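J.: Okay, here's what each chain looks like letter by letter:
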Amino acid sequence: MSKRSNEPIVWSLFGAGGVVVAHTMPVLIFVTGIAVPLGLVSADVLAYERLAGLADGWFGKLFLLVIISLPLWQSAHRIFLSLHDFGITGGETFFRVVFYGAALWGTLLPLFLLVGM
Amino acid sequence: MSTRKPYVRPMAGWWLKNPVYVRYILRESTAVFVGIYAVILLVGLLRLSSGEAAWNNWLIAMQSPGAILFHVVAMGAAVYHSVTWFSVAPKVMPPLMFNGEKVPVAKIVAGQYIFAGIIYLVLLGLILWG
Chain G
0 MSKRSNEPIV
10 WSLFGAGGVV
20 VAHTMPVLIF
30 VTGIAVPLGL
40 VSADVLAYER
50 LAGLADGWFG
60 KLFLLVIISL
70 PLWQSAHRIF
80 LSLHDFGITG
90 GETFFRVVFY
100 GAALWGTLLP
110 LFLLVGM
Chain E
0 MSTRKPYVRP
10 MAGWWLKNPV
20 YVRYILREST
30 AVFVGIYAVI
40 LLVGLLRLSS
50 GEAAWNNWLI
60 AMQSPGAILF
70 HVVAMGAAVY
80 HSVTWFSVAP
90 KVMPPLMFNG
100 EKVPVAKIVA
110 GQYIFAGIIY
120 LVLLGLILWG
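Chains as they are written, first to last, in numbering that gives the first Met the number 0: chain G, 0 to 116; chain E, 0 to 129.
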């Protein structure tokens, strides 16, 4: 049997991440990074009790995992492929481990945290 | 040991020579902001799991001028990602058929904008008033 490529798995995570980024990230960045820090909306929006409550339910856990993990896969895959565009052509295995390893870490760590919350 | 010195075409700045390449690199660069923002959220989750004091420190860190500046740029990058993502989607998916005819690309793209607009409003509504 010929060696199977892991490309379909990585591409699926990249594609799912791209969809998640396109449909949530502009709003999430606006709320967490601009509106709440600048006081454009009430600080209660990101109050501890509210977020702890979100991380308490299975839907909230899934939501938080999705918005952290999938964008990381999307980002890792894109940056890995862009290396070639900037003349970095060697060390493919090394960079695969670095970028996909980071995305995997960014999936397992929130999973571990959310299960324990 | 080889003494051969092959000519290697220089790579630096190749993408500045054509507006199409510039847009391509701009699109791919959004991944850097996406990645950093996801890590910021991950740090937030770490703080949240450590308790209220740690979470509030994360909120204070988000108020620093550098953080605000980053998020303004990152939001622009996220919007650019969304726009380019929606325009690429019809090219990477199988043709969408309706009444035996191919749905035009422009309609698919427009449909995605409408769908994304609804998701944005629902998400914003849930976050602000949910």
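No wet-lab data here; the hints were simulated from the structure.
For clarity, every value in this text was computed on a predicted model and none was experimentally measured.
Glycine included, every Cβ here is placed at the ideal spot set by N, Cα and C.
Mixed in with the good hints there might be a few duds.
Said to hold, decoys possible - Taking lysine to any residue pairs in the SDA-like style, the calculated list, with each CA pair at most 20 Å apart, reads:
| no. | chain 1 | residue 1 | chain 2 | residue 2 |
| --- | --- | --- | --- | --- |
| 1 | G | LYS60 | E | LEU122 |
| 2 | E | LYS90 | G | TRP57 |
| 3 | G | LYS60 | E | LYS4 |
| 4 | E | LYS90 | G | PRO7 |
| 5 | E | LYS4 | G | ALA34 |
| 6 | G | LYS60 | G | VAL44 |
As the list claims (entries may be wrong) - Pairwise CB distance ranges (calculated):
| no. | chain 1 | residue 1 | chain 2 | residue 2 | range |
| --- | --- | --- | --- | --- | --- |
| 7 | G | GLU48 | E | VAL72 | 40 to 48 Å |
| 8 | E | LYS4 | G | THR92 | 48 to 56 Å |
| 9 | E | VAL71 | G | ALA15 | 33 to 41 Å |
| 10 | G | SER81 | E | ILE113 | 29 to 37 Å |
| 11 | E | TYR20 | G | GLU48 | 45 to 53 Å |
| 12 | E | VAL7 | G | TRP10 | 50 to 58 Å |
| 13 | E | ASN98 | G | TRP104 | 46 to 54 Å |
J.: Next step is simple, just say for each hint if it's right about the structure.
T.: Against the structure, the hints:
1. G/LYS60 x E/LEU122: Answer holds: G/LYS60 to E/LEU122 is near 16 Å, not above 20 Å.
2. E/LYS90 x G/TRP57: 35 Å, violated
3. G/LYS60 x E/LYS4: Since the Cα atoms of G/LYS60 and E/LYS4 sit roughly 56 Å apart, the hinted pair is violated (cutoff 20 Å).
4. E/LYS90 x G/PRO7: 18 Å, holds
5. E/LYS4 x G/ALA34: 56 Å, violated
6. G/LYS60 x G/VAL44: 18 Å, holds
7. G/GLU48 x E/VAL72: 40 to 48 Å: 31 Å, violated
8. E/LYS4 x G/THR92: 48 to 56 Å: Violated - the Cβ-Cβ distance for E/LYS4 and G/THR92, about 27 Å, lies outside 48 to 56 Å.
9. E/VAL71 x G/ALA15: 33 to 41 Å: Given a distance of about 27 Å, which is not inside 33 to 41 Å, the answer is violated.
10. G/SER81 x E/ILE113: 29 to 37 Å: 31 Å, holds
11. E/TYR20 x G/GLU48: 45 to 53 Å: 49 Å, holds
12. E/VAL7 x G/TRP10: 50 to 58 Å: The hint (50 to 58 Å, Cβ to Cβ) is violated, given that E/VAL7 and G/TRP10 are roughly 30 Å apart.
13. E/ASN98 x G/TRP104: 46 to 54 Å: 48 Å, holds
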